[in-house]
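Asks: Going line by line, the protein sequences match chains A and B.
Read in my numbering, the first sequence has 37 at position 37, and its numbers run on one by one without any break.
Quick note, my numbering runs 78 ahead of the 1-based positions in the second sequence.
Worth flagging that the hints you see were computed from the coordinates, not collected in a lab.
Careful, some of the hints might be misleading.
[Unchecked claim] The calculated label-pair distances, taken between Cβ atoms and stated as ranges, are:
(1) E77(A) x K150(B): 34 to 40 angstroms
(2) G64(A) x Q251(B): 48 to 54 angstroms
(3) G19(A) x T225(B): 50 to 56 angstroms
(4) D514(B) x G33(A): 51 to 57 angstroms
(5) T219(B) x D28(A): 54 to 60 angstroms
[As the list claims (entries may be wrong)] Under the rule of at most 20 angstroms between Cα atoms (straight-line distance), these lysine to any residue pairs were calculated in the SDA-like manner:
(6) K43(A) x F427(B)
(7) K43(A) x A176(B)
(8) K43(A) x K150(B)
(9) K43(A) x R312(B)
(10) K49(A) x F427(B)
(11) K49(A) x P440(B)
(12) K25(A) x Y161(B)
(13) K49(A) x D462(B)
(14) K43(A) x Q314(B)
(15) K57(A) x R409(B)
(16) K150(B) x D190(B)
(17) K25(A) x K150(B)
(18) K43(A) x K315(B)
(19) K315(B) x K49(A)
[Claimed, not checked] Just so you have them, the derived chain B footprint on chain A, three or more residues with Cβ under 8 angstroms:
(20) 32-45
(21) 70-78
No experiment lies behind these values; they were computed from the predicted model shown.
Quick reminder that beta carbons are idealized off the backbone N, C-alpha and C, glycines included.
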Amino acid sequence: MAQVLSPVPGTFYTQAAPGEPVFKKPGDLVATGDIIGLIEVMKTFIEVKAETSGTFKGYMAEDGAAISAGEPLAELEA
Amino acid sequence: MPIERLLIANRGEIAVRIIRAAKAMGIHTIQAHSEADADMLAVRMADETVCIGPAQAAQSYLNIGAVVAAAKATHADAVHPGYGFLAENAGFVRALDAAGITFVGPSAETIDRMGDKVAARQAAEAAGVPVVPGSRGRLDTVEDAATVAASLGYPVMIKAAAGGGGKGIRIVQTEEELRKMAPQAQAEAKAAFGDGGLYLERAIKSPRHIEVQIMGDGNDAVHYFERECSMQRRRQKVWEEAGAACLDETTRSQLCDTAVALAKAVNYVGAGTLEYLYDSETKEFFFIEMNTRIQVEHPVTEMLTGTDLVQEMIHVAGGGKLRRTQKDITRTGHSIEVRLNAEDPMMQFLPFPGQVSGLRIPEGEGIRFDHFLYDGYQVPPFYDSLLGKLIVHGKNRETAIALLITALEGLEIGGLKTTKALHLALARDASVRADDFHTQWLEPWLAAGNLKPIH
Numbered sequence: 001m002a003q004v005l006s007p008v009p010g011t012f013y014t015q016a017a018p019g020e021p022v023f024k025k026p027g028d029l030v031a032t033g034d035i036i037g038l039i040e041v042m043k044t045f046i047e048v049k050a051e052t053s054g055t056f057k058g059y060m061a062e063d064g065a066a067i068s069a070g071e072p073l074a075e076l077e078a
Numbered sequence: 079m080p081i082e083r084l085l086i087a088n089r090g091e092i093a094v095r096i097i098r099a100a101k102a103m104g105i106h107t108i109q110a111h112s113e114a115d116a117d118m119l120a121v122r123m124a125d126e127t128v129c130i131g132p133a134q135a136a137q138s139y140l141n142i143g144a145v146v147a148a149a150k151a152t153h154a155d156a157v158h159p160g161y162g163f164l165a166e167n168a169g170f171v172r173a174l175d176a177a178g179i180t181f182v183g184p185s186a187e188t189i190d191r192m193g194d195k196v197a198a199r200q201a202a203e204a205a206g207v208p209v210v211p212g213s214r215g216r217l218d219t220v221e222d223a224a225t226v227a228a229s230l231g232y233p234v235m236i237k238a239a240a241g242g243g244g245k246g247i248r249i250v251q252t253e254e255e256l257r258k259m260a261p262q263a264q265a266e267a268k269a270a271f272g273d274g275g276l277y278l279e280r281a282i283k284s285p286r287h288i289e290v291q292i293m294g295d296g297n298d299a300v301h302y303f304e305r306e307c308s309m310q311r312r313r314q315k316v317w318e319e320a321g322a323a324c325l326d327e328t329t330r331s332q333l334c335d336t337a338v339a340l341a342k343a344v345n346y347v348g349a350g351t352l353e354y355l356y357d358s359e360t361k362e363f364f365f366i367e368m369n370t371r372i373q374v375e376h377p378v379t380e381m382l383t384g385t386d387l388v389q390e391m392i393h394v395a396g397g398g399k400l401r402r403t404q405k406d407i408t409r410t411g412h413s414i415e416v417r418l419n420a421e422d423p424m425m426q427f428l429p430f431p432g433q434v435s436g437l438r439i440p441e442g443e444g445i446r447f448d449h450f451l452y453d454g455y456q457v458p459p460f461y462d463s464l465l466g467k468l469i470v471h472g473k474n475r476e477t478a479i480a481l482l483i484t485a486l487e488g489l490e491i492g493g494l495k496t497t498k499a500l501h502l503a504l505a506r507d508a509s510v511r512a513d514d515f516h517t518q519w520l521e522p523w524l525a526a527g528n529l530k531p532i533h
């Protein structure tokens, strides 16, 4: 089990824009470098990318949630 | 009528700056804030506070209805907009006018006029301010383009008349190149905008960004000399100076005097800035736009001229006359400001807010730090990354840079990342010390790996 951690504090988004599909759904295959979510911090959007490959298990933070640096955002099964 | 109750419709360091100025004038201060800013320094300092909405700026600091309602509810007789947010929003000024509340800044008409690039260019030309030489209107044939280019002088920039966003822009050095590239630019403009019309402008190589601070009371206007703001990353200024060491006295006088002429021509009220591109090879300067607000970098001008510009703009907004005539305004020494942002310069300037700890602020003659920090303060991630501005003043540019290094070494902001390391590296760079840089200098310097982690 691997966790995707937030590199910065900010607001977490699981989709590119309201109404768009979520980046990953449980069961999706994830390759290293795949976008898992977005973090908005100080008017800048940062892509959160998977650092390992695996199967997507689920988000650990909600869409629109305020998160801090190092907080787990999603889980992957190797 | 002098202002008695001032609502500050902004946040961060500029809110703190405005409160200090207003309190020094004996004005009652009312700080507007979002839900996320309830514990910011300006809220702690103000005589009175009012919440104007949720964290998202669109629902608070940019919400005209909410800000005007807050001003009415707190019986404010004036609103200071700071910079950004509603500072250059004519609709906001009209809403305040309708409520009988004074806006600390120019009229809605002036904001509209100077905010429109074409109208501003016309007003500047009419006042004798040089603008970037360009074609009078659209050009439809390569032959017309060649004739106009010959009169402007090469190199020229080819732009799409209908354009925007860089589409169709080409820089050509000779007529031969123009004849080759103009048809391509036409085709690209036609494809992108459905209109193959072209527009030509003189291309200014490696320009410097120089701006003039002006202040008006509706009848008279004065300048407070110029600032040099060429050190930019992604069009954001990172380091600003007053004055511009690259100017000779004749050029400086022309630059500043024509700026005053424009300010007088539009009966300007408040603080304003005229921005120019400067070609240091030909010593020519060209107006690009006017900002109708107090700017982030105003402290370098205050240090150079010994004037409190924020107090002066509040004074004229309250109907006062300018308190200093042009001949009373003199420049002494040299001043530099650097912007401390909550960003990691070693990680592509990734924003990195956090909780402030171990704050240590340098003090001493010629050192000033405008900020909104205190130990334990949680910098919210919802707004821009400016934490503070370190300003130094010395008897010349060399001593100012030496003082900047001392002051930066004495500045500690723990708990988050800051751009301090960038400024120390710049202050020690040979080109910066030789005043040899321009608006396109910093990004290649960073890309070349000149900023190294300190171990």
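Asks: Next step is simple, just say for each hint if it's right about the structure.
Replies: So, going through the hints one by one against the coordinates:
no., hint, result
1, E77(A) x K150(B): 34 to 40 angstroms, "57 angstroms, violated"
2, G64(A) x Q251(B): 48 to 54 angstroms, "52 angstroms, holds"
3, G19(A) x T225(B): 50 to 56 angstroms, "52 angstroms, holds"
4, D514(B) x G33(A): 51 to 57 angstroms, "40 angstroms, violated"
5, T219(B) x D28(A): 54 to 60 angstroms, "56 angstroms, holds"
6, K43(A) x F427(B), "13 angstroms, holds"
7, K43(A) x A176(B), "32 angstroms, violated"
8, K43(A) x K150(B), "30 angstroms, violated"
9, K43(A) x R312(B), "14 angstroms, holds"
10, K49(A) x F427(B), "18 angstroms, holds"
11, K49(A) x P440(B), "40 angstroms, violated"
12, K25(A) x Y161(B), "43 angstroms, violated"
13, K49(A) x D462(B), "24 angstroms, violated"
14, K43(A) x Q314(B), "14 angstroms, holds"
15, K57(A) x R409(B), "65 angstroms, violated"
16, K150(B) x D190(B), "25 angstroms, violated"
17, K25(A) x K150(B), "49 angstroms, violated"
18, K43(A) x K315(B), "17 angstroms, holds"
19, K315(B) x K49(A), "30 angstroms, violated"
20, 32-45, "holds (count 5)"
21, 70-78, "violated (count 0)"
When each numbered hint is compared with the structure, violations occur for hints 1, 4, 7, 8, 11, 12, 13, 15, 16, 17, 19, 21.
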